[in-house]
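Colleague: Sequence:
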Amino acid sequence: MEPYFLYAISLTTIMLAIITFTITIITVISQQNNTLKQELTPLFQELGKEKTFQGITEKLDIKINTFQNNINFIIETQFTKLQQHLSQKEKETIQERNHQLQQISKTITTKIQPKSNK
880 MEPYFLYAIS
890 LTTIMLAIIT
900 FTITIITVIS
910 QQNNTLKQEL
920 TPLFQELGKE
930 KTFQGITEKL
940 DIKINTFQNN
950 INFIIETQFT
960 KLQQHLSQKE
970 KETIQERNHQ
980 LQQISKTITT
990 KIQPKSNK
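Numbering (my numbering), first residue to last: 880 to 997.
Fair warning: there could be bad hints in the mix.
To be verified - Ranges of calculated distance between the beta carbons of each label pair, as one might list FRET restraints:
id, residue 1, residue 2, range
1, Glu955, Leu926, 28 to 36 Å
2, Lys960, Ala887, 19 to 27 Å
3, Phe932, His964, 44 to 52 Å
It is worth saying that the hints were derived from the structure and are not from the lab. By construction, the Cβ of each residue, glycine as well, lies at the ideal position given by its N, Cα and C atoms.
All chains should be built: construct the whole structure from the sequences, respecting the hints.
Modeller: As structure tokens, this is what we get:
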């Protein structure tokens, strides 16, 4: 009976670590979203001064890439912290989820990028 109890505690600990990881990611994305909103107001004012569409898209591309890089950096940082406490199989599972999160980030970025550059 004792091994099952230890397994349950181990599984619960892993689940709590994954939940903490997910909550951290969501919190940081929310903070990034708020930061992005704050940055967009002056950006749109600046974009209004641009004379060409290319100038506007270049500035937007820079902001989008910065946003994606910040999210990816935070995901990697949290992933590394979480990995220190997990077994190899658990690390592989988390790494797969991390890859999925990065793919979602790329998908979101792709959907909000201006179409003119493609």
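Colleague: Any hints this thing doesn't respect? Which numbers, in order?
Modeller: none
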